[in-house]
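Asker: Going down the list, the sequences are from chains A and B. With my numbering, letter number 11 in the first sequence gets 483, and the count goes up by one each step, no holes. With my numbering, letter number 396 in the second sequence gets 511, and the count goes up by one each step, no holes.
In short, the hints are calculated from the structure, not lab data. These numbers come from a predicted model, not from an experiment. Virtual Cβ for every residue (Gly too), placed ideally from N, Cα, C. Just to be clear, a hint being listed does not mean it is correct.
Selected chain A positions facing chain B (in silico; Cβ < 10 Å) [stated by the list, open to error]:
1) Arg489
2) Leu500
3) Ala505
4) Ile510
5) Tyr512
6) Pro514
7) Ala515
8) Val521
9) Met540
10) His543
11) Val566
Coverage of chain A stretches by chain B, computed from C-beta distances (three or more under 8 Å per stretch; other residues unrestricted) [what the hints assert, rightly or not]:
12) 526 to 536
13) 548 to 561
14) 570 to 576
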Amino acid sequence: MSGSAVGHLQPEVHESRTVPYLVVALILTALTAAEVWISYIPALLPVLVPMLLVLSGAKFVLVALFYMHLHYDNWLFSGVFVPFLLLAAFVVLVLLGLLVRYFSGF
Amino acid sequence: MAALPKEIGHEETYLEGGGVLGWLTTVDHKRIAILYGVTVLFFFIVGGVEALLMRIQLARPDSHFVSAYVYNELFTMHGTTMIFLVVMPVGLGFFANFIVPLQIGARDVAFPRINALSFWIFLCGGIVLNLGWLGNAAPDAGWFGYANLTERYYSPGLNVDFWTLGLLISGVGSILSGLNFFVTIINMRAPGMTFMRLPLFTWSVLIMFILILVAFPPLTVGLIFLVMDRFFGAHFYDVVAGATPLLWQHLFWLFGHPEVYIMVLPAFGIMSEIVPVFSRKPLFGYPVMAYSTVLIGFLSYGVWAHHMFAVGMGPTADAAFALSSMLIAIPTGIKIFSWIATMWGGEIHLKVPMLYALGFIIQFTMGGLSGIMHAQPAIDLQQTDSYFVVAHFHYVLFGGSLFALLGGLYYWWPKVTGRMMSERLGKWQFWLTVIGFNVTFFPMHLLGAWGMPRRNYTYLPYMGWNHLNMLSTIGAFVIAFAILLLLVNMAMSLRDGERASADPWDGRTLEWAIPSPPPEYNFERIPIVHGRDVFWLDKYGLGATSHGRISGAAGASDVGVAALEAEPATEIHLPAPSIYPLLIALGMTMAIAGYLLWLRIALTGVFLTVFTVIAMAFEYPAAGAEVHSAIGESTGLDNRKVGIWSFIGSESIFFASLIATYMVYKGRDLVGPTAETILNIPLTSTTTFVLLMSSLTMVLAQDAFRIKSDRWGRRWLFATIFLGLVFLGGQVYEFHDFYSQGLSISTNLFGETFYTLVGFHGLHVLIGVIILSCLVGASYFGWFDERRRDMAVEEAALYWHFVDVVWIVIFSLIYLMRAVTKA
Numbered sequence: 473m474s475g476s477a478v479g480h481l482q483p484e485v486h487e488s489r490t491v492p493y494l495v496v497a498l499i500l501t502a503l504t505a506a507e508v509w510i511s512y513i514p515a516l517l518p519v520l521v522p523m524l525l526v527l528s529g530a531k532f533v534l535v536a537l538f539y540m541h542l543h544y545d546n547w548l549f550s551g552v553f554v555p556f557l558l559l560a561a562f563v564v565l566v567l568l569g570l571l572v573r574y575f576s577g578f
Numbered sequence: 116m117a118a119l120p121k122e123i124g125h126e127e128t129y130l131e132g133g134g135v136l137g138w139l140t141t142v143d144h145k146r147i148a149i150l151y152g153v154t155v156l157f158f159f160i161v162g163g164v165e166a167l168l169m170r171i172q173l174a175r176p177d178s179h180f181v182s183a184y185v186y187n188e189l190f191t192m193h194g195t196t197m198i199f200l201v202v203m204p205v206g207l208g209f210f211a212n213f214i215v216p217l218q219i220g221a222r223d224v225a226f227p228r229i230n231a232l233s234f235w236i237f238l239c240g241g242i243v244l245n246l247g248w249l250g251n252a253a254p255d256a257g258w259f260g261y262a263n264l265t266e267r268y269y270s271p272g273l274n275v276d277f278w279t280l281g282l283l284i285s286g287v288g289s290i291l292s293g294l295n296f297f298v299t300i301i302n303m304r305a306p307g308m309t310f311m312r313l314p315l316f317t318w319s320v321l322i323m324f325i326l327i328l329v330a331f332p333p334l335t336v337g338l339i340f341l342v343m344d345r346f347f348g349a350h351f352y353d354v355v356a357g358a359t360p361l362l363w364q365h366l367f368w369l370f371g372h373p374e375v376y377i378m379v380l381p382a383f384g385i386m387s388e389i390v391p392v393f394s395r396k397p398l399f400g401y402p403v404m405a406y407s408t409v410l411i412g413f414l415s416y417g418v419w420a421h422h423m424f425a426v427g428m429g430p431t432a433d434a435a436f437a438l439s440s441m442l443i444a445i446p447t448g449i450k451i452f453s454w455i456a457t458m459w460g461g462e463i464h465l466k467v468p469m470l471y472a473l474g475f476i477i478q479f480t481m482g483g484l485s486g487i488m489h490a491q492p493a494i495d496l497q498q499t500d501s502y503f504v505v506a507h508f509h510y511v512l513f514g515g516s517l518f519a520l521l522g523g524l525y526y527w528w529p530k531v532t533g534r535m536m537s538e539r540l541g542k543w544q545f546w547l548t549v550i551g552f553n554v555t556f557f558p559m560h561l562l563g564a565w566g567m568p569r570r571n572y573t574y575l576p577y578m579g580w581n582h583l584n585m586l587s588t589i590g591a592f593v594i595a596f597a598i599l600l601l602l603v604n605m606a607m608s609l610r611d612g613e614r615a616s617a618d619p620w621d622g623r624t625l626e627w628a629i630p631s632p633p634p635e636y637n638f639e640r641i642p643i644v645h646g647r648d649v650f651w652l653d654k655y656g657l658g659a660t661s662h663g664r665i666s667g668a669a670g671a672s673d674v675g676v677a678a679l680e681a682e683p684a685t686e687i688h689l690p691a692p693s694i695y696p697l698l699i700a701l702g703m704t705m706a707i708a709g710y711l712l713w714l715r716i717a718l719t720g721v722f723l724t725v726f727t728v729i730a731m732a733f734e735y736p737a738a739g740a741e742v743h744s745a746i747g748e749s750t751g752l753d754n755r756k757v758g759i760w761s762f763i764g765s766e767s768i769f770f771a772s773l774i775a776t777y778m779v780y781k782g783r784d785l786v787g788p789t790a791e792t793i794l795n796i797p798l799t800s801t802t803t804f805v806l807l808m809s810s811l812t813m814v815l816a817q818d819a820f821r822i823k824s825d826r827w828g829r830r831w832l833f834a835t836i837f838l839g840l841v842f843l844g845g846q847v848y849e850f851h852d853f854y855s856q857g858l859s860i861s862t863n864l865f866g867e868t869f870y871t872l873v874g875f876h877g878l879h880v881l882i883g884v885i886i887l888s889c890l891v892g893a894s895y896f897g898w899f900d901e902r903r904r905d906m907a908v909e910e911a912a913l914y915w916h917f918v919d920v921v922w923i924v925i926f927s928l929i930y931l932m933r934a935v936t937k938a
C-alpha cells in the first residue's frame, strides 16, 4: 500500500489516475463478457459454479482494490473490511451447509 | 459539524444549562448517556412489573390472576424489554456512552449527532414495542418469536407486528451506535493510548460494538422476511410453500447468541475496572484478559446453533456447535481466574461496587457452569424449554450482567452526578438483591429438573411444584424491594448526597483525572498516555503497581488532570446541538410503524426521514474546524472514512444473509416460474455493464475533484447518476415483466427471495443516486469547502462501489448460475 487518501494527515496525491481506472474498466468488461459467454455453454455446466466464482471474485477484488482505493489507502481500511467479508462468507457457507443438509435429511 | 469555542477552565459541568430544548437537541455523549440511563430505568421498572405479575400468576397452582393471553404477552414483553430495552442499552447507551470517551481521553464520540440519533431511534423502537399494551395487543409470541407462530395465520392481530417493527427500529439505533463507538475507539484514543494500554472496559465494549455490527444484520434480515410474510404474502417460513421455519431460528440465533455476549461483555469490562481498584492491585494478566475478550467475541459468532439442538440438525452440526460452545468457556474461565488472582494478596476494600463484583463472580460462574451443561446436546435435549434454562440464563444475565451493571452504577455514580450514594443503603440493597435473586432463581433449577416447562401459564396442584414456585415468587418481591431501595438511594444522593471528589475510589483510569461531574469538554487538555493504568501511574509513579499509595504521594482527592502530562492547551471546539436526530428518528418510526395505522403516516415518515437526513448532512456546511476534529488522534485517519468502511462491512453481512437465503431456497419451488425459465440474461448483462461503468464514472468524478477540476467532477457525477438511473430503469422493467408473467412475491420461493434480494439492492442504488444528486447540488452551490467536499465524494464513492460489488456477486449467483438447479 502506498500513499494516503483524503482524510489522512499526510499531503494529498494530486496526479490523475485516469489510465489505471480505464484499464480496470476494460478488464471488468472483458470478465463480465466471459462470465455471460460461459454461462451459455452447456458443456461447462459441471464446472460453471467454480468458474463463475473465480471470475466474479476477480471483478470484486479489482473494484475493491482500485475503485475503492484499498490498493492506495492505509492498510487499516483493508483491516476493517476484510474480516467483515470473511464473516459474510462464513454466514453464507454455514447457513447453506446447515439448511441444505436439513432439507436433504442429513 | 459546527464548532462552538469553549472557554478553557470554565467550571460549568455538562449537567448545567440548556433547559428542556438543550436535552432534546443535545449531542454531548454524557447527556445522551443520561437520556439512555433514565429511559432504561423506566423500561427496567416496566420489565420488573411484568416479571412480578408473572410470579404472582405462578405463585399458586391453578391460578387465574391473569388470563393465558395476558400471560403470553407478559413473558414475551418481559424478555424483550429486559434484553433489548434494558441490559443491552444500559451497556452500550449508558455506560459506554459516558465512560468510553473519558477513558480514552477524548472530548466526545466520533459522530455526536449520530450518537443522539441512536438514542432517539432506540426510544422510538421501545415505544413501538410497548404500544400494543394500549390496545390489548402486546407482542405474545415469546422474546425469540419463533416462526411459524409469528406468521399471520397463527398470529392474526397486531401483536407480532409491534414486536417486529419495534425491533427493526431499535436495531437501526444499535447498529448506528456500533459504528459510532467502533470508530471512536479505533480512531480517537489520546496520544500514547495504544491497544495494550486501553482500559479493559473500553476493550470489552469495543468487542461488543463489533459484535453488534456483525450480529444485527442477520436479525434485520430475519425480521424483513417476517414483514414480507405478514404484510406482502411471502412464505419465507412456511413449510407448505417448501420453506422452513428453521431459517428464522438460524437467522435469529446468529444474532441471539452474540447478543448474550453483547450483554455480558460490558459487565466483564466493568468487573475488570472495579476489581483492581478495590483490590489496590493492577489487573492480573492484562494481555491475556484482552485476548480473551477478543476470543470470546470471535467464538460467540460460531455457537448459535446450540440453541437449536432440539430441532434435529444432525450429528455433525450438533458435534461442531457443542465443541465451539464448550470452547468459549476457556476464555471466560480465564477472566474468572484473572479477577480472583487480582484480588489474591490485594488490599480488598469491601465497598458496594466490590460487593457486586464478588456477587457477579460467584453467580455468573454458577450460570456459566449450567451453560456448559447445555453445550452437551444429549443433556440439552432434557433441559430445553424447561425452567432449568430459565434459571441458567437468569444466573448469567441477572446474577452476572445485572450485578456487574449495578456495581458499575455505584462505581461511576459519583463521576456521573458529582454525588456519592449511601454505602449503608447500598449494602442493604446488595444483600437483599443477593438473597432475592437466589431465592427466586435457584429453585427454578429444581423446577426444571422436575419437568416444569418454561412459559407455562399455570399448573395442577399435584405436580409437586407448589412450594418452590411460591418461594420463587417471594424472592421476586424481595428483589423488587431491593430495587426500590436503589431508587431511594439514587434520589437521596441526587437531593443531598455527599459531594464527590474527582477521584473518590482512588481510581486507575483517565475518567478519575477530571472533576466530578465532568465539564462539558471533558478534558481541558488532551492527556498524553505513557502506560497502562495511566492515572494510577501518574499519581504514584512507576514503582506503585501494587498495594495502594506510596507514602508521601499526593492524596487521591488532591490530584487532578493538571498532574497528567497533556498536550498544550488550545481552543476547545465542541459540536453544536441539533434537532435533526430527534426528527430523523420520528420520521423513521413513522415510516416503519406508521403502516400499521395509516399508509399516509408511513409515506409522510419516508419524506420526513429523507428531508431531515439531507438537512442534517448540510446543517453546518462550511465548518472549517471540523476538518481537524474529524481526523483521528490515534490513526491519523478520517473518522468518516473509517465509519463508512465499518458500515460497508456490516452491510456485507446483511447481503450475505439475503444471498444465503436465496441459495438455500433455490430449486425448492413447488409452483410458478423459476430462475431458469424467467431470467432475462441479455437485459441484465446490459444493466450490469451499465452499473460497472457507473463505478468508472464515479471514480473519475472523485479523481477530477481531487485534481481540483470541479467542472469535470460534476460532469462525471451526473454521468454516474444517469447510469444509476438506467440500471434502476432496467430493474423496474424486469420486475414489471416478471410480474406480468405471473411471478409475484407470493408465487413461490424464487419469487420472494429474488424480489427481496434484488429489490434491496435496487433500494441501495436509489439511495446512492439521491446521495450523488445532493453532492452535485452542494458542489454547484458551493455549500462545501474543498476538503469537506472531497471527503463527502469519497464516502459516497465507497458506498457506490460497494453497491457495485454486491451486484457483481448477485449477477453471478442469481442470473448466471440460473441453470444450476440446487445449491
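Asker: Now tell me if each hint is right for this structure.
Answerer: Comparing the hints with the structure gives:
1. Here the hint on A/Arg489 is kept, as its CB sits about 6 Å from the closest CB of chain B, short of 10 Å.
2. Annotation: interface hint on A/Leu500 holds; nearest CB of chain B at approximately 5 Å, less than 10 Å.
3. The criterion of a C-beta within 10 Å of any C-beta in chain B is met by A/Ala505, whose closest approach is roughly 8 Å, and the hint holds.
4. Taking 10 Å as the C-beta contact cut-off toward chain B, the hint placing A/Ile510 at the interface holds, the least distance being around 8 Å.
5. Given hint, A/Tyr512 at the interface with chain B, holds; its Cβ is 8 Å from that chain's nearest Cβ, closer than 10 Å.
6. A distance limit of 10 Å between C-beta atoms decides the matter here; for A/Pro514 the minimum to chain B is near 8 Å, and the interface restraint holds.
7. Hint status for A/Ala515 relative to chain B: violated, with the closest Cβ pair at about 12 Å, above 10 Å.
8. At a threshold of 10 Å, the smallest CB-CB gap from A/Val521 to chain B is about 6 Å, leaving the interface hint in force.
9. Of the supplied interface hints, the one on A/Met540 holds, with its beta-carbon coming within about 5 Å of a beta-carbon of chain B, less than 10 Å.
10. For the restraint placing A/His543 at the interface with chain B, the shortest Cβ-Cβ distance is roughly 12 Å, beyond the 10 Å limit, so the hint is violated.
11. Evaluation of the A/Val566 hint against chain B yields a held restraint, the C-beta minimum of about 8 Å falling below 10 Å.
12. For the stretch 526 to 536 of chain A, the stated coverage by chain B holds: 6 residues have a C-beta nearer than 8 Å to a C-beta of that chain, and at least 3 were required.
13. Interface restraint, the stretch 548 to 561 of chain A with chain B: holds (10 residues with C-beta to C-beta distance below 8 Å; minimum three).
14. Residue count for the stretch 570 to 576 of chain A with a Cβ under 8 Å from a Cβ of chain B: 6. That meets the three needed, and the coverage hint holds.
Figure legend: structure checked against the earlier numbered hints; hints not met, in rising order: 7, 10.
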